[in-house]
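A.B. asks: Listed below, chain by chain, are the residues.
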Amino acid sequence: MLFLICALGMVGSGVVLVASRQPVTAVIALISVFLLQSVLYVLLHAPFIAAIQVIVYTGAIMVLFIFVVMLLNLKERQTWETIGTRRRLMGILLGLGIVLILGLGVSQITLTTERIAEDLGSPQKVGKTLFDRYALPLEMVALLLLIAIVAVMEIFKKGVGGKTTP
Amino acid sequence: MVPLNWYLLLAFLMFTIGIMGVLLRRNVLIVLMSIELMLNSANLVFIVFSRYLLNVGGQVMVLLVIAVAAAEVAVGLGIVVALYRHIHSVDLEKVNLMKW
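Protein chains in written order, with this note's numbering: chain Z, 1 to 166; chain X, 1001 to 1100.
None of these hints come from the bench; they were simulated from the model.
A couple of the hints might just be wrong.
Unchecked claim - With the Cβ distance kept under 7 Å, some of the chain X side facing chain Z (calculated, not the full set):
1. V1002
2. N1005
3. L1010
4. A1042
5. I1047
To be verified - A few chain Z residues that face chain X, going by a derived Cβ cut-off under 10 Å, partial list only:
6. A26
7. H45
8. S107
9. G121
10. A148
11. A151
What the hints assert, rightly or not - Ranges of calculated distance between the beta carbons of each label pair, as one might list FRET restraints:
12. X:H1086 / Z:G127: 40 to 46 Å
13. X:R1085 / Z:I109: 36 to 42 Å
14. X:V1075 / Z:V16: 23 to 29 Å
15. Z:R21 / X:L1064: 30 to 36 Å
The C-beta atom is built at its ideal place from N, Cα and C for all residues, glycine as well.
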């Protein structure tokens, strides 16, 4: 089934992301996670969000990551890293514990529906709901984007005397 | 039809992989990408419940979360580049001036 292919691909790419030595490999793995997730969104009657995910998440955010990875131009010896075995063991145990608890919680859920709304994820419906009920969060996110632009410009602003601000 | 539990299990698995990436890696770019992985798994949960409860508000929320993630990545990568200019490394263990 398509879900199993996407799920296995996503989990495999996630493990590659977390365990890879080179940052470019990790970026490609994350891109594949996003594209497979977009396929899942189409399966879940959300074609508009799937398109937005490909355009914005994969096409803008990951490209930004690739820019930064290429800009920093990390050498191999800089990306080699060691985590103490005790910290690594604690991290793995924490991960297994979280999966165990969440998995036990998830298995208790019994929620099925046979109804299908054909236009649930259509751009018309998403846009109408966005501008009708959720107009305030929309305006707040627009303000947040403006704040992000100002913040990045402030980080890289040079002082009046010509010296860079730390 | 795929049961709801499978989607949620996949989302929680991706979330846990993201958490382990944040905890077990010292490269700040990998940590930022693991944070994006966690946000992505939360988006999946939103879409799944939007489909199973037939409420389009979940998809609207995902739209806003994607916008917030874009802003966060922009600022985070700006900080990474500014940090690299000072310490010439992306190792998080080297960012320790405020440690006691």
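A.B. asks: Of the hints stated earlier, which fail here?
C.D. replies: 4 and 13
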